[in-house]
Structures are given as C-alpha cells and as structure tokens.
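One letter stands for each residue in the lines below.
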Amino acid sequence: MKVIGISGSPTKDSNTDTLVKAILDATGAETEFVKLSSIKVGPCIACMKCVQTNECIINDDFKWLSKKVMEADAIVVGSSTFYGAASAFTKAFIERLYSKRHIKLLTAGKLAATVAVGVAAEKMVGEWLGNGLRAGGMEIVGGMTAKGTPCCFVCGPGETCNYTVWNAYSKELTGMNLGVEEAYKGYLELLPDNKPYQHGSARILKSHRSVKDEPDVMDEARRLGKLIKEKIKNRSRKAGDLKCGC
Amino acid sequence: MRVLGISGSPVKNSNTDRLVKTVLEATGLDYEFIKLSEYDIHPCRACLGCAGDNICKQKDDWHIIENKIKECAALVIGGYPTYGTLDSRTKMLTERMYSMHHQKMLNKGKIGVAVAVGVGRGIPSVDQAADQIAAFMQMEGINVIGKLSGTGNVSCLSCGYGGTCKISAVPHLFGQGAVPSRDKYVAIEDQKDVIEKANEIGNKIRESLIKIT
Numbered sequence: 001m002k003v004i005g006i007s008g009s010p011t012k013d014s015n016t017d018t019l020v021k022a023i024l025d026a027t028g029a030e031t032e033f034v035k036l037s038s039i040k041v042g043p044c045i046a047c048m049k050c051v052q053t054n055e056c057i058i059n060d061d062f063k064w065l066s067k068k069v070m071e072a073d074a075i076v077v078g079s080s081t082f083y084g085a086a087s088a089f090t091k092a093f094i095e096r097l098y099s100k101r102h103i104k105l106l107t108a109g110k111l112a113a114t115v116a117v118g119v120a121a122e123k124m125v126g127e128w129l130g131n132g133l134r135a136g137g138m139e140i141v142g143g144m145t146a147k148g149t150p151c152c153f154v155c156g157p158g159e160t161c162n163y164t165v166w167n168a169y170s171k172e173l174t175g176m177n178l179g180v181e182e183a184y185k186g187y188l189e190l191l192p193d194n195k196p197y198q199h200g201s202a203r204i205l206k207s208h209r210s211v212k213d214e215p216d217v218m219d220e221a222r223r224l225g226k227l228i229k230e231k232i233k234n235r236s237r238k239a240g241d242l243k244c245g246c
Numbered sequence: 001m002r003v004l005g006i007s008g009s010p011v012k013n014s015n016t017d018r019l020v021k022t023v024l025e026a027t028g029l030d031y032e033f034i035k036l037s038e039y040d041i042h043p044c045r046a047c048l049g050c051a052g053d054n055i056c057k058q059k060d061d062w063h064i065i066e067n068k069i070k071e072c073a074a075l076v077i078g079g080y081p082t083y084g085t086l087d088s089r090t091k092m093l094t095e096r097m098y099s100m101h102h103q104k105m106l107n108k109g110k111i112g113v114a115v116a117v118g119v120g121r122g123i124p125s126v127d128q129a130a131d132q133i134a135a136f137m138q139m140e141g142i143n144v145i146g147k148l149s150g151t152g153n154v155s156c157l158s159c160g161y162g163g164t165c166k167i168s169a170v171p172h173l174f175g176q177g178a179v180p181s182r183d184k185y186v187a188i189e190d191q192k193d194v195i196e197k198a199n200e201i202g203n204k205i206r207e208s209l210i211k212i213t
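First to last, the protein sequences are chains H and C.
Start counting the first sequence at 1; every next residue gets the next number (the working numbering).
Start counting the second sequence at 1; every next residue gets the next number (the working numbering).
Calculated directly from the structure, the hints in this document are not laboratory data.
Since this is a predicted model, take the numbers as computed values, not measurements.
Worth double-checking, as some hints may not be accurate.
[Claimed, not checked] No more than 20 Å apart at the CA atoms, straight line, and that leaves these computed lysine-lysine pairs for PhoX-like: (1) C:Lys166 to H:Lys104; (2) H:Lys21 to H:Lys226; (3) H:Lys40 to C:Lys166; (4) H:Lys226 to H:Lys110.
[Claimed, not checked] Here are a few chain C residues that sit away from chain H, every Cβ distance over 10 Å (derived from the structure): (5) Leu29; (6) Arg45; (7) Glu95; (8) Phe174; (9) Tyr185.
For each residue, glycine too, the CB sits at the ideal point set by N, CA and C.
Can you make the complete structure from the sequences, with help from the hints?
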C-alpha cells in the first residue's frame, strides 16, 4: 500500500506541504512526499509521442515521478493559488499525466485527494484539481482547502501598497464579494481610507498564517488520510475496469 | 515595437499562433510575435525577491520576454485550455509577470487582449482560458479591450486511435459514432466570425493607442 503526495507550492514548508504531509501521515501507508519546485517537470509540448507507449518523451523528472504515481494506490495533490488558478508547477504536472490517458487510461482506479491553499480562489482550484485527476479515471476520495499567507503580508510594504492581493480581489475591482477581509480577521485590518488600486491602507496584525494553528483544518487533513486508508483496505481493485470520469 | 503578441501554444504554427498574429496584423502597427515554447521559462517560485525592485531573480529567458513586455504599449496574450483551464506555459508567463506588479504596477494602463483557442463546440473551457487571461490582465491594471475565443482541433483527431479509443473525445464533440476524418479539422482562417472579431480588435488596439498618444 503506497501513497504519494505531490505539492505544487514552491514555498518552503508551505501550508500546502503541511496539509499534503498530514494527509499522507494519516493513511498509515508507505508514503512519499514530492515537491514539484524541487524537481523539474515542465509543461506538455503536445508532441503526441505518448499515444502508443503512454510514456512521455520529455527528458525531465516526470520520468521517475510518473513511475511513482503508477506504483501508488493513492495520490494526494496540493496546490497554491496564483491569479485565481493552480500554480504553474501543479498545472504542468497534471498536463504531463495526460501521457497516461491514451487508450489505456492507466491511472484509472487510483484513489486521489486534493489540497488547495489560497487567499480567495482556493475552492475553485480544488475543484479543478479534482476534475483533472478524475479525467485520469481516479476516484476522488475528497478535497480540502485552507487559507494561506498572502504574499503581501510578508513582502514588506503590504500596509501601504495600492495593489495588494486583498485590493486585487476587492468588490470594487472584481464586482464580487470574495470575503477576503472576513476570512483574514485577526490577520488584516483594512483602514477606512483604503481604496483598491488607488490608495492602499491596511494594518497587518499577524504576518504569517499557518494551518498548524487551525485545528479544524488539520483535522480535515487527517480525516482525508484516514478515508484513503479505509478505502484502500476495503476495496478490491478490478483489473481492466476502464472508466473515464471526465 | 508597439504591440507584442505572445502565444503559449507549443504546437508549430498553431491556430492559437495564427489567431494572435491576425490580431497583430490588423493593428497596422509595428509588432512582434513570440512563442513561449521557444524560451526557457519556469514557474514563479514565490520567493518575493522581486518585491523591492520589480525584477525577478530567476536566471532564465524570462528577462528577454520581460524587456519586450516593458517596451510594448499593447499586449496580446494567447493560450489554450488544458483540463479546462489555461495551459501551464501561459500560466507561467502570468506568474512571472507578477514581478512587475509590486507597488509600481509596471504594466498599468497598457492595452490588453486575451486570446484562446480550444476544442469549442459547446465545451466552455476555451472561454474559461480567455477569461483567465483577461482577469489576470485586469489585476495588472491592463486595460482589456478585447477577448477572443476560437475553435481548434482536439488531439484525439490526430492521435490515430480517436475512432476506437474508449476515452476518445471525438464522439463527445461530434456525436455518437463519430470517427476522425479530414473534414473535422478546423483552421482558424475558416472561422469568419472569429477572424472578423480579430480584425476589429486589432483596429481597436490601434485606435486606443492613438488616443493614448
């Protein structure tokens, strides 16, 4: 019983990493954690050379990573959220899994869980991740999201910059209430003279947000890990049961 | 160079490339077209090394592209959807452009156009990809004057097994029992409404730039 965890967050010891690892730990299985930013997995080049062999010809770390994915009973994929979408690291990895799809749908039947961490759009990213893995015929055991540390908390001039992430995601600019201010109560206080993209004015009350401080979030990761454990135990995988869920 | 066109499609002379080029041509201005797959660029590493001086600290071809972006007055970005969202190469471009965001918003006020080519035929992913580019541009303070979606070719048409593979997209897109055939391929040039819109957007870029100057 093997479970592989893959994080597409480039930040060292990030919240995404923590949650992926917490899920892995709770599976009680033989696990391995891979950080995409520590290796090289580039975008798909649409060469279609993988059609017959289901092996990508690009000579990078996907060669060994794909072997590990194929050996695993379950995969946990985590991503940070940049510009409202999964990180390019994560996106490139999902694209490269396309090599396993042709004709045989080689990843079919694997279990999968997803993690998405962001400031406003992490739910969307989580859904996308689930859809991407489901297109590989995987069974999504569950997905979780968490709020992370906005980069504007730690860049330096976040309190006075006009173009902070909370201003970019503001109702004034997007026309939607994405609830950033409410979600970061205790971390961020927007001052009355803050005007998105015109005049930045905020107080950063706490500059790092760690999922380790949020018991509910950590519990959810452990619950997902246990769910994977149960599912692996209970299921008898039918060989050749080809089913595409996209 | 007044107008810069960037295609994230790795396919040689792809429909995405040609649609971006159609917009560029229609501007009647001095333009340059580049293809991201011909450059060595990597995702953002979230190191925030750019927060103070707006210069990314990764050493790769980004700096060539960065200089071209700095020079242009209008930017046309073309991408394509993979698994329903913008492809990873174009996503990388957006992430690396973040270095130009901090405090100064170096691209603020530029003219922007979002282009995407996908399988279309009712599948919404192509519009999702175009929307993603447009939303990114808006976050960068770029004035998005046009969004353009075109129809391209699904890989299952050319893989060789599109008629028998159980997970082929061909029946999804062309109806039950459909198999790959030459007549199912589309070229962007044959989509008159798309080309017309591309020409309109190109003209609009020129007019907008005249107003600015």
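Structure-based check of all given hints:
1. Restraint check for Lys166 of chain C and Lys104 of chain H: the C-alpha separation of about 8 Å stays at or below 20 Å, so the hint holds.
2. For the suggested pair Lys21 of chain H and Lys226 of chain H, the alpha carbons sit about 13 Å apart, so the restraint of at most 20 Å is met.
3. Taking the CA atoms of Lys40 of chain H and Lys166 of chain C, the gap is near 32 Å; set against the 20 Å cutoff, the hint is violated.
4. For a cut-off of 20 Å, the pair hint linking Lys226 of chain H to Lys110 of chain H stands: about 16 Å separates their Cα positions.
5. The Cβ of Leu29 of chain C lies farther than 10 Å from every Cβ of chain H, with a closest approach of about 28 Å, so its non-interface assignment holds.
6. The claim that Arg45 of chain C is not at the interface with chain H is violated, since a C-beta of that chain comes within 10 Å of its own (minimum 4 Å).
7. Against the 10 Å criterion, Glu95 of chain C falls within the reach of chain H, whose nearest CB is about 5 Å from its own CB.
8. The non-interface label for Phe174 of chain C is consistent with chain H: the shortest C-beta to C-beta separation is roughly 17 Å, beyond 10 Å.
9. Under the 10 Å C-beta cut-off, the non-interface status given to Tyr185 of chain C relative to chain H holds; the minimum distance is some 15 Å.
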